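Undergrad: In terms of UniProt numbering, the sequence shown is residues 1 to 176.
The hints are simulated quantities; they were obtained by calculation from the structure and are not laboratory data.
Source: prediction; values computed, not measured.
Do not take every clue at face value.
Listed below are the simulated BS3-like cross-link pairs for lysine-lysine, each with C-alpha atoms no more than 25 Å apart in a straight line [claimed, not checked]:
1) K159 / K15
2) K15 / K161
3) K130 / K15
4) K78 / K159
5) K78 / K42
6) K159 / K176
7) K159 / K42
8) K78 / K161
9) K15 / K50
10) K176 / K161
11) K159 / K130
12) K176 / K50
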Amino acid sequence: MKQAGLIHLYCGDGKGKTTAAMGQILRAVGYGFQAVVVQFLKDGDSSELKALSAFSNVRIISGKNVEGFTFTMTEEEKRRVRQCMAQHFLQAVAWCREGMVDILLLDEIIDAVNLGFIEEQALMEFLRTKPRGLEVLLTGRNPAQCFAGIADYYSNVQKVKHPYDRGIAARGGIEK
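Given these sequences and hints, build the entire structure.
TA: Set out below in structure tokens:
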């Protein structure tokens, strides 16, 4: 019998939410799990995605769904982003429901919910009714209490100090 899948929530304002979740994906993939990584609010151009794409048991749905900052978008741009993200989410859910996935990472989905691109109710419904053996990883800032409540693991990554505060941009191989 397959073990029960749990829900992980990596949140907070510190560096390392996606890094921790990607590390969990790597561990699971090494164990033979079928993994799906869905990135919201990112451009799809990250070193970890390049590395994970080398594995045959990883599917990646990412990027190019947001260009620039959401606060500078027109309503039409926001509508297109909302539609794209909804399609990505629904594709991942379909694969999970078909039994094709052992572990699912929804990277930055908490922020996508907070910005109105993904419906909170839709994500909660999926989490409540997910397949029994499916492990789900969520990342983002400022999760609603409902996500904190349903999570089996809740990690708050707190920023104490960050090079960005001194004007140092994200560096390839370290932050991207």
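Undergrad: Can you confirm whether the C-alpha distance between K78 and K159 stays at or below 25 Å?
TA: violated (29 Å)
Undergrad: Need the status of pair K176, K161: alpha-carbon distance at most 25 Å?
TA: This hinted pair holds, its Cα atoms lying about 18 Å apart.
Undergrad: Hint check: K159 vs K42, CA-CA at most 25 Å. Holds or violated?
TA: holds (20 Å)
Undergrad: For a C-alpha distance cap of 25 Å, please report whether K130 and K15 respect it.
TA: violated (28 Å)
Undergrad: Against the 25 Å threshold, does the CA-CA distance of K78 and K42 hold or violate the hint?
TA: holds (15 Å)
Undergrad: Between K176 and K50, does the CA-CA distance stay at or below 25 Å?
TA: holds (11 Å)
Undergrad: Regarding the pair K15 and K161, is the alpha-carbon distance no greater than 25 Å?
TA: Answer holds: K15 to K161 is near 9 Å, not above 25 Å.
Undergrad: Straight-line Cα separation of K15 and K50 no greater than 25 Å?
TA: With a Cα-Cα distance of about 20 Å, the restraint between K15 and K50 holds, given a limit of 25 Å.
Undergrad: Given the hinted pair K78 and K161, is their alpha-carbon gap at most 25 Å?
TA: Violated. K78 to K161 sits at ~32 Å, over the 25 Å cutoff.
Undergrad: Holds or violated: K159 with K130, Cα cutoff 25 Å?
TA: violated (32 Å)
Undergrad: Hinted pair, alpha-carbon criterion (25 Å max): K159, K15. Please report holds or violated.
TA: Status holds; Cα separation ~7 Å.
Undergrad: Under the criterion that the straight-line Cα-Cα distance not exceed 25 Å, is the pair K159, K176 satisfied?
TA: holds (17 Å)
The structure is inconsistent with the numbered hints 3, 4, 8 and 11, although it conforms to all the rest.
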